[in-house]
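Q: Chains as they are written, first to last, in our numbering: chain A, 1 to 321; chain B, 1 to 663.
Keep in mind that a hint or two might mislead.
What the hints assert, rightly or not - Okay, derived cross-link-like pairs now, DSS-like style, lysine-lysine, Cα gap no bigger than 30 Å in a straight line:
1. A:Lys-227 x B:Lys-607
2. B:Lys-295 x B:Lys-230
3. B:Lys-527 x B:Lys-486
4. B:Lys-607 x A:Lys-66
5. A:Lys-157 x B:Lys-595
6. B:Lys-242 x B:Lys-230
7. A:Lys-151 x A:Lys-6
8. B:Lys-199 x B:Lys-141
9. B:Lys-242 x B:Lys-199
10. B:Lys-171 x B:Lys-304
11. B:Lys-60 x A:Lys-278
12. A:Lys-227 x B:Lys-30
13. B:Lys-471 x B:Lys-340
14. B:Lys-595 x A:Lys-227
15. A:Lys-233 x A:Lys-198
16. B:Lys-199 x B:Lys-230
17. A:Lys-66 x B:Lys-595
18. B:Lys-242 x B:Lys-208
19. B:Lys-607 x A:Lys-87
20. A:Lys-87 x B:Lys-595
21. A:Lys-156 x A:Lys-6
22. B:Lys-595 x B:Lys-184
23. A:Lys-278 x B:Lys-652
24. A:Lys-151 x A:Lys-87
25. A:Lys-227 x A:Lys-87
26. B:Lys-60 x A:Lys-227
27. A:Lys-15 x A:Lys-4
28. B:Lys-595 x A:Lys-233
29. B:Lys-607 x A:Lys-15
30. A:Lys-233 x B:Lys-652
31. B:Lys-30 x A:Lys-233
32. B:Lys-171 x B:Lys-80
33. A:Lys-227 x B:Lys-471
34. A:Lys-138 x A:Lys-23
What the hints assert, rightly or not - Okay, the calculated beta carbon distance ranges per label pair:
35. A:Asp-295 x B:Arg-529: 37 to 43 Å
36. A:Met-307 x B:Gly-12: 39 to 45 Å
37. B:Phe-609 x A:Asp-304: 27 to 33 Å
38. B:Gln-59 x A:Asn-207: 44 to 50 Å
Hints in this document: simulated from the structure, not taken from any laboratory. Just so you know, these numbers come straight off a predicted model, no measurement behind them. Virtual Cβ for every residue (Gly too), placed ideally from N, Cα, C.
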Amino acid sequence: MQVKEKAIELLSSGKVSRVLGWKQGEFCYDLTPAVFESAEEVERSFVFSPLAGANLAKYLIAESRKEGVVAAFLKPCDSYSVLQLCKEHRIRRENVYLVGVPCEGTVDPDLLRENAKGLTAVREAGGTLVCDTLYGEKRVDLSAVLLERCKVCKSKKIVVFDELLGENGEENPQSTRFAAVEEIENLTPEERYAFWQKELSRCIRCNACRNVCPACSCETCVFDNAKLGTDNKAPASRFEEQYFHIIRAFHVAGRCTDCGECSRVCPQKIPLHLLNRKFIRDMNTLYGQYQAGADEESLPPMLDFRMDDCEPSAARGGKQA
Amino acid sequence: MQRIGVFVCHCGTNIAATVDVAQVAETLGKEPGVVLATDYPYMCSQSGQDMIENAIREQKLTGVVICSCSPRMHEATFRKTVARAGLNPYLLEIANVREQCSWVHKDREEATQKAIILGRAAIAKVTLNAPLVAGESPVVKRALVIGGGIAGIQTALDIADAGFEVDIVEKEATIGGKMAQLDKTFPTLDCAACILTPKMVDAAQHEKINILSYSEVEAVGGFVGSFRVKIRRKARYVDETKCTGCGLCTEKCPQKAVPNPFNLGLDTRRAIAIPFAQAVPKVAYIDPNYCTMLKTGKCGVCSKVCTVGAIDYKQQDTLEEREYGAIVAATGYRPISLEKYGEYAYGQSPDVVTSLELERLMNAAGPTGGTLLRPSDRTHPKTIVFVQCVGSRCEEDGRGKPYCSKICCMYTAKHAMLIREKYPDTEVYVFYIDVRTPGKNFDEFYRRAVEEYGVHYITGQVGKIVPENGKLLVQGSDLLAGMQPKIAADLVVLAAAIEPDPSARSLATLLTASMDTNDFFTEAHPKLRPVESPTAGVFLSGACQGPKDIPETVAQAGAAAAKVIGLLSRDHIVCNPCVATPNEQMCNGCSSCEKVCPYGAITYADKEFRMPDRTTALRRVAQVNPAVCQGCGACTVACPSGAMDLLGFSNKQIMAEVDAICR
Chain A
1 MQVKEKAIEL LSSGKVSRVL GWKQGEFCYD LTPAVFESAE EVERSFVFSP LAGANLAKYL
61 IAESRKEGVV AAFLKPCDSY SVLQLCKEHR IRRENVYLVG VPCEGTVDPD LLRENAKGLT
121 AVREAGGTLV CDTLYGEKRV DLSAVLLERC KVCKSKKIVV FDELLGENGE ENPQSTRFAA
181 VEEIENLTPE ERYAFWQKEL SRCIRCNACR NVCPACSCET CVFDNAKLGT DNKAPASRFE
241 EQYFHIIRAF HVAGRCTDCG ECSRVCPQKI PLHLLNRKFI RDMNTLYGQY QAGADEESLP
301 PMLDFRMDDC EPSAARGGKQ A
Chain B
1 MQRIGVFVCH CGTNIAATVD VAQVAETLGK EPGVVLATDY PYMCSQSGQD MIENAIREQK
61 LTGVVICSCS PRMHEATFRK TVARAGLNPY LLEIANVREQ CSWVHKDREE ATQKAIILGR
121 AAIAKVTLNA PLVAGESPVV KRALVIGGGI AGIQTALDIA DAGFEVDIVE KEATIGGKMA
181 QLDKTFPTLD CAACILTPKM VDAAQHEKIN ILSYSEVEAV GGFVGSFRVK IRRKARYVDE
241 TKCTGCGLCT EKCPQKAVPN PFNLGLDTRR AIAIPFAQAV PKVAYIDPNY CTMLKTGKCG
301 VCSKVCTVGA IDYKQQDTLE EREYGAIVAA TGYRPISLEK YGEYAYGQSP DVVTSLELER
361 LMNAAGPTGG TLLRPSDRTH PKTIVFVQCV GSRCEEDGRG KPYCSKICCM YTAKHAMLIR
421 EKYPDTEVYV FYIDVRTPGK NFDEFYRRAV EEYGVHYITG QVGKIVPENG KLLVQGSDLL
481 AGMQPKIAAD LVVLAAAIEP DPSARSLATL LTASMDTNDF FTEAHPKLRP VESPTAGVFL
541 SGACQGPKDI PETVAQAGAA AAKVIGLLSR DHIVCNPCVA TPNEQMCNGC SSCEKVCPYG
601 AITYADKEFR MPDRTTALRR VAQVNPAVCQ GCGACTVACP SGAMDLLGFS NKQIMAEVDA
661 ICR
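Bound-form chain A, shown alone (with noise of 0.2 Å):
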């Protein structure tokens, strides 16, 4: 059953009393979350595509303590984000129901337009993009114009469902998104630090990154509470807006699930999620393999402590203590 059918029929059934998906944005490329009350909002605006990347779990925190039942469709990745929040307490699951949804993977809006310059329209139709252009009609491979998170996708696993739409998927313990950071690890600390510097520096602190980011979803966040003085700490350094992000990396570790949203929503390609994914390998390799989400019973490793775990200076050559 195709997912706005689906959609429909939740809501006419009056199983839900809302729907949280995607519609139409400013531009054909651009699908952006919506929460939609009826099968005519449904029927009227309701997209789904490849090009739907938005991961939709953190606004079940708030859609989920409103009344009623708020169905969600959840791509795998997003799925992780949702058990997660569950884990946290900061999604009331009694108050949502999740449809699960196989994913192909998303779409770079970016790449698809130097694909197809002048994009009017698009569809997909099995793996290619039908692109309506002012040149044209263009076909694009789904496959060429991925987001860098979907090219190294973690798992086609859904892991949290009420009800699946197809067949569920599986975990890729293949994928290769710890080259990126393997790289920056091999270079010297200045290269290191040169690279991060030229990166970061292009921030302009629109808390893009932080506001999309399912892990940072505190009542408060510490950049926005003066009376913590965390907030003044966050743009002085050496150069723009360093510790806002190293902080933010912190705040999130062992929570991350590596969804990649700060990294296809910031205006300046900052590839953020590299310093997320660092986190992630390092406490793989210190601490055991860890996935943020993937249950909701596992401690995790920064909220567990364990005789045996390893002091990580030594265990990168340091002296013991």
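Starting from the structure of chain A, add chain B where the hints point.
A: Using the frame of chain A, we list chain B on its own:
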């Protein structure tokens, strides 16, 4: 406005020799908010404290910084000083310029600079200090002693004699522990049972002592002064209130092939048994693994012969919940398993025994009635070899323990001496690494074994023991003679290392008491608080804290009792006001703090919040029980939104300190 006083202590020459104290005082006097900065030879002396008191009154100080030794040393002293002058005691900060500065630096210039920076950080912190008031919580006047060996018995007796009620929880069917299995005790050679069993009876008859035998601690909640403990009373299938201990059932039971745990499996007993003649309580119990009735439903002999109808095959485990003001861990030790020591042929030949097994073989109440007979053919052994340090002081090969088991040198000397005394025609050899006898009359005792009793002590270890033609061929090395002696022995005794009883590990988790890498309980301070665990209200008695002989165990048991009595004689205890406190407005309810809290002090409540759009919303927020919180601060760093703060060590105060240091 802040009016801060800074007092720099010389600590004689401890600080002043390395740190220019006058310069520290002068420099810190220029910090914002500081109205007075001075130095003095001994700040903790009466006149030093008077000086602080006077300064607080005269200068109307709002905060005090003392640059001196570690706060662990004198923070409590100076808090009282400050309080005497009418200032809240928590408006005091200590800058540790001794342990963390003068003692670890040699260069006077650098040390002085560091002292200034440490003082500056303390000033930055005290500026943000808030007055704190310590709360009180009531004390339940009853103690729990976990473990009924000599340590537990002595602790219980001492507490009970002071007039407080004590429960002893013992996992076996009788109290007595390891000491009940021993034959004679060094260095005076009095019989273990003769000195232990009167104490067991004293405990049983004491009106303030309640023995819960065949029971285990299942859960521990609460905190110092009011612990709530769940105790599992295991089904013994015998009604404890009816059984008279006549022992008829233990003679008539047809199931005769039960290895006797009291004799370490060297003989057998029945499926229903009283552990030993002087057991307390003297009540039979049925081993469900062997009882035909419990296994197949057919037999019931014991029930038929019992004249008081005490047998109850339908008995179930029961759970009791009790409250205690203090808990003493006295879980004791056991010898390590020797299954990995194949070279000593333990398990291959019945004539290779552990020292504890030898105690039973020499004991009048043991399987041989006190006559030393070797297990294989029940003949008198003529040549006996003792092997010391089997698993002690030996970690390298992954089989043993890194520590010295402490008691083996002495009990081996005792065994050797007793054997030579009773059977002078027996040759006794002892292979040892070195003989450790640091105790009252210990070395004299060992010398007697060598000089009067002619025990052959050989410096060196045994490499291999081979059972051959009814003998045990012992191949060792004599390091002094530079030879490889081969001894054809009739009996070999292995001094197995001792380790904490395995029940201690799970108990430590229940008590949130810490353990070292060998699973011995750790003390709050190895020298100054040796019988207290770092967890308030939990005390340590006996070998659960480290290897000990009987006199040491009894001494420590008394010390633990004294600490318990000190606690229980108070009606209330003052709580530490430096506890975690959540800002409910900022709390996300994510449970991070709850997961890292080692004391179980954090719970959650749903609270109504007014939202920006004038609606109300129910939100899950963290709650801290201040009486349970120990102020460790783990939650404050786990909290992603900075909602959890530690009073007296707030995030802002720490940040101010760091900023002051990095200035």
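Q: Does each hint hold? Answer for all of them.
A: Status of each hint after checking the structure:
1. Taking the CA atoms of Lys-227 (chain A) and Lys-607 (chain B), the gap is near 22 Å; set against the 30 Å cutoff, the hint holds.
2. For the suggested pair Lys-295 (chain B) and Lys-230 (chain B), the alpha carbons sit about 29 Å apart, so the restraint of at most 30 Å is met.
3. A distance of roughly 45 Å separates the Cα atoms of Lys-527 (chain B) and Lys-486 (chain B); the hinted pair therefore is violated under the 30 Å criterion.
4. Of the pairs offered as hints, the one joining Lys-607 (chain B) and Lys-66 (chain A) holds, with about 16 Å between alpha carbons and a cut-off of 30 Å not exceeded.
5. Under the criterion of a C-alpha separation no larger than 30 Å, the hint pairing Lys-157 (chain A) with Lys-595 (chain B) is consistent with the structure, at around 27 Å.
6. Simply put, Lys-242 (chain B) and Lys-230 (chain B) have alpha-carbon atoms about 25 Å apart, close enough for the 30 Å limit, and the pair holds.
7. In summary, the hint linking Lys-151 (chain A) to Lys-6 (chain A) is supported, as the alpha carbons are separated by about 28 Å, within the 30 Å threshold.
8. Between Lys-199 (chain B) and Lys-141 (chain B), the direct Cα distance comes to roughly 23 Å. Compliance with the 30 Å bound is thereby established for this hinted pair.
9. Note on Lys-242 (chain B) and Lys-199 (chain B): the hinted pairing holds, with a Cα-Cα distance of about 24 Å set against a maximum of 30 Å.
10. This hinted pair checks out: Lys-171 (chain B) and Lys-304 (chain B) have alpha carbons roughly 28 Å apart, not beyond 30 Å.
11. For the given pair, Lys-60 (chain B) sits about 53 Å from Lys-278 (chain A) by alpha-carbon distance, which is inconsistent with the 30 Å threshold.
12. Pair hint Lys-227 (chain A) plus Lys-30 (chain B) holds up; C-alpha atoms about 28 Å apart against a cutoff of 30 Å.
13. Of the pairs offered as hints, the one joining Lys-471 (chain B) and Lys-340 (chain B) holds, with about 22 Å between alpha carbons and a cut-off of 30 Å not exceeded.
14. Straight-line distance between C-alpha atoms of Lys-595 (chain B) and Lys-227 (chain A) comes to about 26 Å, which keeps the hinted pair within the 30 Å bound.
15. With a C-alpha separation of about 20 Å, the suggested pair Lys-233 (chain A) and Lys-198 (chain A) falls inside the 30 Å cut-off, and the hint holds.
16. For the hint pairing Lys-199 (chain B) with Lys-230 (chain B), the CA-to-CA distance comes to about 27 Å; that is within 30 Å, so the pair holds.
17. A C-alpha spacing of about 28 Å is found between Lys-66 (chain A) and Lys-595 (chain B), which places the hinted pair at or below 30 Å, so the restraint holds.
18. A C-alpha spacing of about 22 Å is found between Lys-242 (chain B) and Lys-208 (chain B), which places the hinted pair at or below 30 Å, so the restraint holds.
19. Note on Lys-607 (chain B) and Lys-87 (chain A): the hinted pairing holds, with a Cα-Cα distance of about 19 Å set against a maximum of 30 Å.
20. Proximity of Lys-87 (chain A) to Lys-595 (chain B) is assessed by CA-CA distance (about 12 Å); at most 30 Å being required, the pair is judged to hold.
21. Taking the CA atoms of Lys-156 (chain A) and Lys-6 (chain A), the gap is about 21 Å. The hint holds against a cut of 30 Å.
22. Pair hint Lys-595 (chain B) plus Lys-184 (chain B) does not hold up; C-alpha atoms about 50 Å apart against a cutoff of 30 Å.
23. The suggested pairing of Lys-278 (chain A) with Lys-652 (chain B) holds, with an alpha-carbon distance near 29 Å, which does not exceed 30 Å.
24. Distance hint between Lys-151 (chain A) and Lys-87 (chain A) is fulfilled; the C-alpha atoms sit about 28 Å from each other, no more than 30 Å.
25. Distance check on the hinted pair: Lys-227 (chain A) and Lys-87 (chain A) sit about 28 Å apart at the alpha-carbon level, within 30 Å; holds.
26. The straight-line distance between the Cα atoms of Lys-60 (chain B) and Lys-227 (chain A) is roughly 29 Å, inside the 30 Å bound, and the hint therefore holds.
27. Restraint check: the Cα-Cα separation between Lys-15 (chain A) and Lys-4 (chain A) comes to about 15 Å, which is no more than 30 Å; the hinted pair holds.
28. For a cut-off of 30 Å, the pair hint linking Lys-595 (chain B) to Lys-233 (chain A) stands: about 28 Å separates their Cα positions.
29. For a cut-off of 30 Å, the pair hint linking Lys-607 (chain B) to Lys-15 (chain A) stands: about 29 Å separates their Cα positions.
30. Restraint check for Lys-233 (chain A) and Lys-652 (chain B): the C-alpha separation of about 12 Å stays at or below 30 Å, so the hint holds.
31. A hinted pair counts as satisfied when its Cα atoms are at most 30 Å apart, and Lys-30 (chain B) with Lys-233 (chain A) qualifies at roughly 26 Å.
32. A hinted pair counts as satisfied when its Cα atoms are at most 30 Å apart, and Lys-171 (chain B) with Lys-80 (chain B) does not qualify at roughly 45 Å.
33. A C-alpha spacing of about 81 Å is found between Lys-227 (chain A) and Lys-471 (chain B), which places the hinted pair above 30 Å, so the restraint is violated.
34. Among the hinted pairs, Lys-138 (chain A) with Lys-23 (chain A) is consistent with the structure: their alpha-carbon atoms are about 23 Å apart, no more than 30 Å.
35. Taken as a hint, the range 37 to 43 Å holds for the pair Asp-295 (chain A) and Arg-529 (chain B), whose Cβ atoms sit roughly 42 Å apart.
36. Against the hinted window of 39 to 45 Å, the Cβ-Cβ separation of Met-307 (chain A) and Gly-12 (chain B) comes to about 40 Å, which satisfies the hint.
37. Phe-609 (chain B) and Asp-304 (chain A) have their C-beta atoms about 30 Å apart, which keeps the hinted 27 to 33 Å range intact.
38. Against the hinted window of 44 to 50 Å, the Cβ-Cβ separation of Gln-59 (chain B) and Asn-207 (chain A) comes to about 48 Å, which satisfies the hint.
In the structure shown, a violation is registered for the earlier hints numbered 3, 11, 22, 32 and 33, in ascending order.
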